[in-house]
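Got chain A; can you put chain B on it based on the hints?
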Amino acid sequence: MKDKKTYVGIIATGAVIGLIAVALVVLGNPKNMGFCIACFLRDIAGSTKLHTAPIVQYFRPEIVGLVIGAMAMALIGKEFSPKGGSAPVTRFFLGAFVMIGALVFLGCPLRMVLRIGGGDLNAVVGLIGFAAGILVGIFFLNKGFSLKRTYKLPVSEAFVFPAGLVLLFALFLIVPSLFVFSESGPGSMHAPVIIALIAGLVVGALCQKSRMCMVAGIRDLVLFKDWKLLLGFVTIIIAALIGNLVTGNFNLGFAGQPVAHSVHLWNFMGMLIVGFGSVLLGGCPLRQLILTGEGNTDSAVTVLGYIAGAAFAHNFSLAGSAASADSIGGPSINGKVAVIIGLVVMLAIAALNTAKARKDA
Amino acid sequence: MAEKQIVDARGLSCPQPVLMTKKAVEKGGKSYEVIVDNGTAKENVTRFAQNAGFQVKVTEDGDDYHLTLSK
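These protein sequence lines are chains A and B, in that order.
Its first residue numbered 153, the first sequence is counted upward by one per residue in this note's numbering.
Its first residue numbered 83, the second sequence is counted upward by one per residue in this note's numbering.
Isolated chain B, as found in the complex:
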């Protein structure tokens, strides 16, 4: 099983978290963890990932959101 790649986009505002996710996903992995710290980024990354065919699971950790992307 391929290792889960981590995209740390904390402190960044959209579109940057989505752009970082897009760049990571374009490399062709199957499993990612995206960390963001604001609601807008959580929604936008989720929408992007779902459109790209990923299943998204969100867990909250203090002020951060951990988005687990899997195919």
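Just chain A, same shape as in the assembly:
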């Protein structure tokens, strides 16, 4: 009986995410970007001038909603639990490289799923890379990889990141002149603030309850033959597909896709390090935001790593550029080198924390 409830919860969450994502696009967000944790954190980094790429600067209320929605649900369900201390600096750097991989591909795993639901076949190439990266991560998990345990922390520590985020959001509402906002490009496209905030709150609360995670779906199926989280993943695709068909935003193919490029190798490689790094971190970028709301400060540090990675991605010209009429887009040589460095760093972190696990055992 309880099992049934679990599956209903994850399927309902997936359906709501997919449909809200489509609605946010109709209300102004860039296409296939109802939600994108990587893009939104990158936009926030831009709006606070941590980078100065003019087309990707906006303070995305969805992010605030996701963290606070998860926190509210965790508090209600008595699952709010301040903890941390599991290799925070390692997590910061893993987060930074996951972000760089995501921005080479142009989307986090959640946007990858939404892009597939919009008919973008480049995202299927990304999915193959993502799955390959997860398999590499699983190899190390099976060998004993661990970033070691967390410890209980004071409640105040768990509130620091969400409070800081809310403070910034309040500044954005009260003193918007402190921030920069794109006048063109994806950063200039957004749903109304209040709707974006509510969408984030709803999805954050549902994801906390259902444990939705893009990376754990494939991971748990391979490791334990457990389908639960993959059901959520598939439901998002189906819901987004239906929503896009209804709203006329479905467009099957590789060419002419919104905020995407068709350089297959680097769509594959970008998502490979996202998958690999996310397995080492224990969850996808969406899940890290939710865990931050639950009081996990290691996840908060990971999110800070994402933001730093996003700033570097644009300051060092690492991010992929979207295809346009006169360019096939894709990452620059800088971006390709950064992905390779990211892969080497992840392999080193995985190997070092696996070797240590063996010695300690």
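Hints listed in this document are in silico derivations from the structure and should not be mistaken for laboratory results.
Any given hint might turn out to be false.
Simulated crosslink set (DSS-like; lysine-lysine; CA at most 27 Å straight-line) [unchecked claim]: (1) B:Lys86 to B:Lys112; (2) B:Lys139 to B:Lys86; (3) A:Lys157 to A:Lys377; (4) A:Lys300 to B:Lys104; (5) B:Lys153 to B:Lys124; (6) B:Lys139 to A:Lys377; (7) B:Lys105 to A:Lys488; (8) A:Lys300 to B:Lys153; (9) A:Lys230 to A:Lys157; (10) B:Lys124 to A:Lys183; (11) B:Lys139 to B:Lys153; (12) A:Lys304 to B:Lys139; (13) B:Lys104 to A:Lys361; (14) B:Lys124 to A:Lys156; (15) B:Lys86 to B:Lys153; (16) A:Lys304 to B:Lys112; (17) B:Lys105 to A:Lys300; (18) B:Lys139 to B:Lys112; (19) B:Lys86 to B:Lys124; (20) B:Lys109 to A:Lys157; (21) B:Lys139 to B:Lys109; (22) B:Lys112 to A:Lys377; (23) B:Lys112 to A:Lys183.
Frame of chain A, contents of chain B only:
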């Protein structure tokens, strides 16, 4: 009667508690006690153990969950 084996996965996040349980169960015992300290791990270990044919009884002890697995 075989002795109950203890798997202490406190402080660890999924998938590690499930992996530790899986490794322990693969050795072929009939009775285990798995200790975890978060709701996600409790649910995931429970689901895994039930799929592996165990009966699971959960007791709460402060912040920890003690999962008793038996066949």
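Exercise for the section: Would you list, in rising numerical order, the hints stated earlier that this structure does not obey? Expected result: Those not satisfied are hints 7, 8, 10, 16, 20 and 23.
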